[in-house]
Amino acid sequence: MHRAKYESGGAQLLLVLWSTLTATVAGSKLRHDSVAQRRAVPWKLLSEEKPVQIPAPFDYVRASSVDNALALLDRHGAESRVVAGGHSLLPMMKLRLARPDWLIDINDLYELDYLLVDGPVLRIGAMTRHTTLLQSGDVRRLFPIICDAERVIADPIVRNRGTIGGSLCQADPAEDLSTVCHVLEAVAVVRGPAGERMLSMAEFHRGPYETAVAQNELLIEVRVPIRAGSSSAYEKVERRVGDWAVAAAGASVTLGADGTISEVAVGLTAVGLERNVTEVEAVLVGQTPDETLFVEAGRLAALACDPLADQRGPIDYKRHLADELTRRVLRVACSRAAASVSDITI
Amino acid sequence: MTILEDRPSNPAAGDHDRPIGHGRMQRKEDPRFVRGKGRYVDDIVLPGMLHGAILRAPVAHARLVSIDTTEALAHPKVLAVITGTDLQALGLAWAPTLSMDVQAVLVTDKVRFQGQEVAFVVAEDRYAARDALELIQVEYDVLPPVVDARKAMDPGAPVIRDDLEGRTDNHIFDWEAGDKAETDAVFASADVVVKQEIVYPRVHPAPMETCGAVADFDPIDGRLTLYETTQAPHAHRTLFAMVSGIPEHKIRVVSPDIGGGFGNKVGIYPGYILAVVGSIVTGKPVKWVEDRSENLMSTSFARDYIMQGEIAATKDGKILALRTNVLADHGAFNATAQPTKYPAGFFHIFTGSYDLAAAHCTVTGVYTNKAPGGVAYACSFRVTEAVYLVERMVDILARKLDMDPAELRLKNFIKKEQFPYANKTGWEYDSGDYEPTMRLSMKIAGYDELRREQKEKRERGELMGIGISFFTETVGAGPRKDMDILGLGMADGAELRIHPTGKAVVRISVQSQGQGHETTFAQIVAEEIGIPPEDIDVVHGDTDQTPFGLGTYGSRSTPVSGAAVALVARKVREKARFIAAAMLETRPEDLEWAKGRWFVKGDPRVGKTMAEIAMGAHGTVALPEGIDGNLDAEVTYDPPNLTFPFGAYICVVDIDPGTGHVTVRRFIAVDDCGTRINPMIIEGQIHGGLTDGVGMALMEIIEFDDEGNCLGGSFMDYLIPTAMEVPDWETGFTVTPSPHHPIGAKGVGESATVGSPPAVVNAVVDALAPFGVVHMDMPCTPARVWEAMQGRTRPPV
Numbered sequence: 003m004h005r006a007k008y009e010s011g012g013a014q015l016l017l018v019l020w021s022t023l024t025a026t027v028a029g030s031k032l033r034h035d036s037v038a039q040r041r042a043v044p045w046k047l048l049s050e051e052k053p054v055q056i057p058a059p060f061d062y063v064r065a066s067s068v069d070n071a072l073a074l075l076d077r078h079g080a081e082s083r084v085v086a087g088g089h090s091l092l093p094m095m096k097l098r099l100a101r102p103d104w105l106i107d108i109n110d111l112y113e114l115d116y117l118l119v120d121g122p123v124l125r126i127g128a129m130t131r132h133t134t135l136l137q138s139g140d141v142r143r144l145f146p147i148i149c150d151a152e153r154v155i156a157d158p159i160v161r162n163r164g165t166i167g168g169s170l171c172q173a174d175p176a177e178d179l180s181t182v183c184h185v186l187e188a189v190a191v192v193r194g195p196a197g198e199r200m201l202s203m204a205e206f207h208r209g210p211y212e213t214a215v216a217q218n219e220l221l222i223e224v225r226v227p228i229r230a231g232s233s234s235a236y237e238k239v240e241r242r243v244g245d246w247a248v249a250a251a252g253a254s255v256t257l258g259a260d261g262t263i264s265e266v267a268v269g270l271t272a273v274g275l276e277r278n279v280t281e282v283e284a285v286l287v288g289q290t291p292d293e294t295l296f297v298e299a300g301r302l303a304a305l306a307c308d309p310l311a312d313q314r315g316p317i318d319y320k321r322h323l324a325d326e327l328t329r330r331v332l333r334v335a336c337s338r339a340a341a342s343v344s345d346i347t348i
Numbered sequence: 005m006t007i008l009e010d011r012p013s014n015p016a017a018g019d020h021d022r023p024i025g026h027g028r029m030q031r032k033e034d035p036r037f038v039r040g041k042g043r044y045v046d047d048i049v050l051p052g053m054l055h056g057a058i059l060r061a062p063v064a065h066a067r068l069v070s071i072d073t074t075e076a077l078a079h080p081k082v083l084a085v086i087t088g089t090d091l092q093a094l095g096l097a098w099a100p101t102l103s104m105d106v107q108a109v110l111v112t113d114k115v116r117f118q119g120q121e122v123a124f125v126v127a128e129d130r131y132a133a134r135d136a137l138e139l140i141q142v143e144y145d146v147l148p149p150v151v152d153a154r155k156a157m158d159p160g161a162p163v164i165r166d167d168l169e170g171r172t173d174n175h176i177f178d179w180e181a182g183d184k185a186e187t188d189a190v191f192a193s194a195d196v197v198v199k200q201e202i203v204y205p206r207v208h209p210a211p212m213e214t215c216g217a218v219a220d221f222d223p224i225d226g227r228l229t230l231y232e233t234t235q236a237p238h239a240h241r242t243l244f245a246m247v248s249g250i251p252e253h254k255i256r257v258v259s260p261d262i263g264g265g266f267g268n269k270v271g272i273y274p275g276y277i278l279a280v281v282g283s284i285v286t287g288k289p290v291k292w293v294e295d296r297s298e299n300l301m302s303t304s305f306a307r308d309y310i311m312q313g314e315i316a317a318t319k320d321g322k323i324l325a326l327r328t329n330v331l332a333d334h335g336a337f338n339a340t341a342q343p344t345k346y347p348a349g350f351f352h353i354f355t356g357s358y359d360l361a362a363a364h365c366t367v368t369g370v371y372t373n374k375a376p377g378g379v380a381y382a383c384s385f386r387v388t389e390a391v392y393l394v395e396r397m398v399d400i401l402a403r404k405l406d407m408d409p410a411e412l413r414l415k416n417f418i419k420k421e422q423f424p425y426a427n428k429t430g431w432e433y434d435s436g437d438y439e440p441t442m443r444l445s446m447k448i449a450g451y452d453e454l455r456r457e458q459k460e461k462r463e464r465g466e467l468m469g470i471g472i473s474f475f476t477e478t479v480g481a482g483p484r485k486d487m488d489i490l491g492l493g494m495a496d497g498a499e500l501r502i503h504p505t506g507k508a509v510v511r512i513s514v515q516s517q518g519q520g521h522e523t524t525f526a527q528i529v530a531e532e533i534g535i536p537p538e539d540i541d542v543v544h545g546d547t548d549q550t551p552f553g554l555g556t557y558g559s560r561s562t563p564v565s566g567a568a569v570a571l572v573a574r575k576v577r578e579k580a581r582f583i584a585a586a587m588l589e590t591r592p593e594d595l596e597w598a599k600g601r602w603f604v605k606g607d608p609r610v611g612k613t614m615a616e617i618a619m620g621a622h623g624t625v626a627l628p629e630g631i632d633g634n635l636d637a638e639v640t641y642d643p644p645n646l647t648f649p650f651g652a653y654i655c656v657v658d659i660d661p662g663t664g665h666v667t668v669r670r671f672i673a674v675d676d677c678g679t680r681i682n683p684m685i686i687e688g689q690i691h692g693g694l695t696d697g698v699g700m701a702l703m704e705i706i707e708f709d710d711e712g713n714c715l716g717g718s719f720m721d722y723l724i725p726t727a728m729e730v731p732d733w734e735t736g737f738t739v740t741p742s743p744h745h746p747i748g749a750k751g752v753g754e755s756a757t758v759g760s761p762p763a764v765v766n767a768v769v770d771a772l773a774p775f776g777v778v779h780m781d782m783p784c785t786p787a788r789v790w791e792a793m794q795g796r797t798r799p800p801v
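Sequence lines, in order, name chains D and S. Numbering-wise (my numbering), the first sequence opens with residue 3 and increments by one. Numbering-wise (my numbering), the second sequence opens with residue 5 and increments by one.
Since the hints were made in silico from the structure, they are not lab data. Ideal Cβ positions, reconstructed from N, Cα and C, are used throughout, including at glycine. Do not rely on the hints blindly, as some may be mistaken.
[Stated by the list, open to error] Quick list of in silico lysine-lysine cross-link-like pairs, BS3-like style, CA-CA up to 30 angstroms:
id: 1; chain 1: S; residue 1: Lys419; chain 2: S; residue 2: Lys447
id: 2; chain 1: S; residue 1: Lys420; chain 2: S; residue 2: Lys461
id: 3; chain 1: S; residue 1: Lys461; chain 2: S; residue 2: Lys485
id: 4; chain 1: D; residue 1: Lys96; chain 2: S; residue 2: Lys41
id: 5; chain 1: S; residue 1: Lys114; chain 2: D; residue 2: Lys96
id: 6; chain 1: S; residue 1: Lys461; chain 2: S; residue 2: Lys404
id: 7; chain 1: D; residue 1: Lys96; chain 2: S; residue 2: Lys199
id: 8; chain 1: S; residue 1: Lys420; chain 2: S; residue 2: Lys322
id: 9; chain 1: S; residue 1: Lys41; chain 2: S; residue 2: Lys199
[As the list claims (entries may be wrong)] In silico contact screen, one side only, chain S against chain D (beta carbon under 7 angstroms); selected entries:
id: 10; residue: His665
id: 11; residue: Thr667
id: 12; residue: Glu729
id: 13; residue: Pro786
[Stated by the list, open to error] Each pair of labels, with its calculated beta carbon distance range:
id: 14; chain 1: S; residue 1: Glu75; chain 2: D; residue 2: Val243; range: 27 to 35 angstroms
id: 15; chain 1: S; residue 1: Asp732; chain 2: D; residue 2: Arg142; range: 24 to 32 angstroms
id: 16; chain 1: S; residue 1: Arg669; chain 2: D; residue 2: Asp115; range: 19 to 27 angstroms
id: 17; chain 1: D; residue 1: Val243; chain 2: S; residue 2: Gly40; range: 38 to 46 angstroms
id: 18; chain 1: D; residue 1: Arg143; chain 2: S; residue 2: Lys155; range: 55 to 63 angstroms
id: 19; chain 1: D; residue 1: Arg277; chain 2: S; residue 2: Ala78; range: 50 to 58 angstroms
id: 20; chain 1: S; residue 1: Pro799; chain 2: D; residue 2: Gly197; range: 38 to 46 angstroms
id: 21; chain 1: S; residue 1: Gln549; chain 2: D; residue 2: Pro93; range: 35 to 43 angstroms
id: 22; chain 1: S; residue 1: Ala773; chain 2: D; residue 2: Asp312; range: 26 to 34 angstroms
id: 23; chain 1: D; residue 1: Asp76; chain 2: S; residue 2: Asp732; range: 36 to 44 angstroms
id: 24; chain 1: S; residue 1: Asp188; chain 2: D; residue 2: Pro210; range: 41 to 49 angstroms
id: 25; chain 1: S; residue 1: Pro799; chain 2: D; residue 2: Val243; range: 47 to 55 angstroms
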């Protein structure tokens, strides 16, 4: 039946097609001169050679300093977004799910790219790239949880570009460093027109994709307290390298001189818990680490979380992972802490 | 052309031992690709070129109420906005598919899948075209969608194709192969029968380069030049002539470098047609290139077979018969690409590598509110589904009989002396010698040692699995008496010219998407006429410059065009004999051929090289009567049969019992594709296909929610494997030449994609044996594996 539609036209169809469409198609306008009149915008001309992806229109400015970035945020207002590594924002823009009017690029702010052991605190500049964290000997020694997490954050290309500040401010529920910073009781240093604010992770991280950083503020530093006799671990389950976590868990443990747990924190990723699993503290603190305790902690973690079913798995599987991974990270963190305690005694 | 000698020798690639003909050599096309100098459709920039973008439907099933394009047309950079109504007035709103159905170019009446083409904007640049899409106002009246193929034939299911006259349901076709009565009789008297529903979920070929076109219609001479991402330029030219009314001699289709096809670039997509319409409307070249989401959501998917498998055997493990009923989800339009007679492709080779007493299959195709397609992703026309079915069923039988799966396979293989072997569904397997291939694979794997290791690990509660797959493919479609696409017989042409200085150009109809045709076909010619491969240019992908042929898919390039090229070279060689005889003033029958040279029998010092003969052909020597003054030839090759490559794959996996995460620890692939033209290229094809297989087995799936929303519309959701998910491949080979192919070669491009998924799944199921798991469907994601461990295996759709 349908084939007749094409056969009927034959060779004449060409002429019909050309003349009819030219004349009438949706009132199409033929403005042959307009191509030549196009404004010479360099990046658009480039795009003709190598078109890549297609975000909605936006303007772009590079900040030259933190103060300049703050001024730009203030000037361009609510529809401006800061771009650091860009590995969350740019994919959203390319799909036109995010459509800021202004992009304020802070990649020139080398003043925010540092790792400093400053007395009892590790100071991490907000523009520190994932790969810097992954490769740092200080980080590995003091906070193995960061290395564990960084190793499973996306892939080397993303890690070369993505930053700790960007990760924390994106506050994706499947984002690893948020959990890590919660577990390490890190402090976020946020600067705005009124000066600097110091926020605990509980204050900083308000929920999925939401932080306490105001539109005209910038996260500039993360401070992680260094504790003697402490160590930590992180483990993630993902369908494939670079996918969002199905679930992950992190733990930090401090052992006293007698080998008992003096401080502990357990956090979960991607299972609907935006805080540490504080329920485990009462069970673990003051106890000598053993498997029975880890099992109980795992059970409590599974109860505390509130996962959603999605393509990554059903709710009971994710609860099971909260349990399983909590046990695993506590096991590793305790054994690492014990090793570091024995290092000190030797 | 970069000369191979200019490059440092690479011992790993083995090109220190550079061949004159067949053998391991680096690919001639690689220097441009590794420098980033490939020229793809999106690299083409023509003077005054405009850009098109497609507005796509946000819902799966909806009546189109109205489209308002006023605002979009008001955009200062927009030149045209084309809707279905515009096309309808010209009879162009619908185009024929490769399966004798029709597909909407732009929606006129009803949206039938999410992502379907609704309107086409032509603008001065790509950004403006995209911006203007958002200015088109469309009103939809949303209808309940048909998402689950199992419910497509329910009474009362919404009728998707109400455009087809008299259509009252979503049924497309019923097809069967084999003898039902005979099969049922064997089943009735068998000692052991096992049944299993096996789902091969919808996946997507996801080539790195998405689909696109640059259409350049010249209003003065009425010529259309269409640069297109196509695996089959000649077939596309004919189809465009049929659809558009532009006469075929006025159409030139150019397929430049293609960044992966895997069957995704066989069909004609609305975007190509719209680019042509856009160019005719504006009188300027129009480029349309889809983005990743458009590719994943609207272009040809693969598989989507729900198979009810049954296998019958004696209690001591002689497999007697196989039967299956398949429900095939073809999406909203029947747009699969396969030979006309075979609506389920070559699925009826599901008897696999085994000598059966009987076999029968039925396949029912249905419409659903999903993107059309089905035959893609290196499937060899549905041999993928067939191999997966039989190789899973054999493993399930092995478990039932408590037999080692390797032993069960060895016991039931078609024997060497049975070839050529007529199976029970109408195929004649050309050649095979399965046992040595299987044994070699087991030897490389250290099979017995692996089983011992597995036993020890099971005692400790560790989950290790060993999976075997032994596949037989049918590739190289095909004999034109049996096989055509829309009436075009599946034979291929080839032309060869030897220039006076002895350099050659061979013109072929098939189009490489990464298979290395520029190297392989030069090597085939080199082997026959003794000119080194680097002196032979392979011309392809341009219908004005190459002879007619059906294109590259279904692993048919080497079986069909490879044969054509070998034969055309032999034709030139024979012609050269006459010219050499004239030059040497002797009789042709007194000459003898050694690689590259005709010489006088008994006096090897007196002879002429191919280059000398070429100069002679174009020179002043008096030529014998009937011999033209050139050294050119052409042939069209109609294959007498398909070729039947095979292979033995063994996969070893470890599963984390706490998380269900599967790690592919080892993968051993022993392939037999007959004569091996360039082993390095074959290994590359195998490596890629195995990676595909691991991807499908562990993570790839295009899912839909209840509303028909595609859940795999980006690489954030549609997972493809990386180097982190695959092991170092361990490959081996045996050589059983095809008896009917001029050089004994069989196709190999899809072998690993076809053969590897069952090996991985068999390994996962084997690892899960302590949990009583007999079968689990792909993808074996951590969650699905964990659910299987809880006794909750479930189909993915």
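For each hint, the structure was consulted:
| no. | hint | result |
| --- | --- | --- |
| 1 | S:Lys419 x S:Lys447 | holds (20 angstroms) |
| 2 | S:Lys420 x S:Lys461 | violated (37 angstroms) |
| 3 | S:Lys461 x S:Lys485 | violated (55 angstroms) |
| 4 | D:Lys96 x S:Lys41 | holds (25 angstroms) |
| 5 | S:Lys114 x D:Lys96 | holds (29 angstroms) |
| 6 | S:Lys461 x S:Lys404 | holds (22 angstroms) |
| 7 | D:Lys96 x S:Lys199 | violated (47 angstroms) |
| 8 | S:Lys420 x S:Lys322 | holds (17 angstroms) |
| 9 | S:Lys41 x S:Lys199 | violated (53 angstroms) |
| 10 | His665 | holds (6 angstroms) |
| 11 | Thr667 | violated (12 angstroms) |
| 12 | Glu729 | holds (6 angstroms) |
| 13 | Pro786 | holds (6 angstroms) |
| 14 | S:Glu75 x D:Val243: 27 to 35 angstroms | violated (44 angstroms) |
| 15 | S:Asp732 x D:Arg142: 24 to 32 angstroms | holds (28 angstroms) |
| 16 | S:Arg669 x D:Asp115: 19 to 27 angstroms | violated (39 angstroms) |
| 17 | D:Val243 x S:Gly40: 38 to 46 angstroms | violated (25 angstroms) |
| 18 | D:Arg143 x S:Lys155: 55 to 63 angstroms | holds (59 angstroms) |
| 19 | D:Arg277 x S:Ala78: 50 to 58 angstroms | holds (51 angstroms) |
| 20 | S:Pro799 x D:Gly197: 38 to 46 angstroms | violated (59 angstroms) |
| 21 | S:Gln549 x D:Pro93: 35 to 43 angstroms | holds (41 angstroms) |
| 22 | S:Ala773 x D:Asp312: 26 to 34 angstroms | holds (29 angstroms) |
| 23 | D:Asp76 x S:Asp732: 36 to 44 angstroms | violated (55 angstroms) |
| 24 | S:Asp188 x D:Pro210: 41 to 49 angstroms | violated (57 angstroms) |
| 25 | S:Pro799 x D:Val243: 47 to 55 angstroms | violated (27 angstroms) |
In summary, the numbered hints that this structure violates are 2, 3, 7, 9, 11, 14, 16, 17, 20, 23, 24 and 25.
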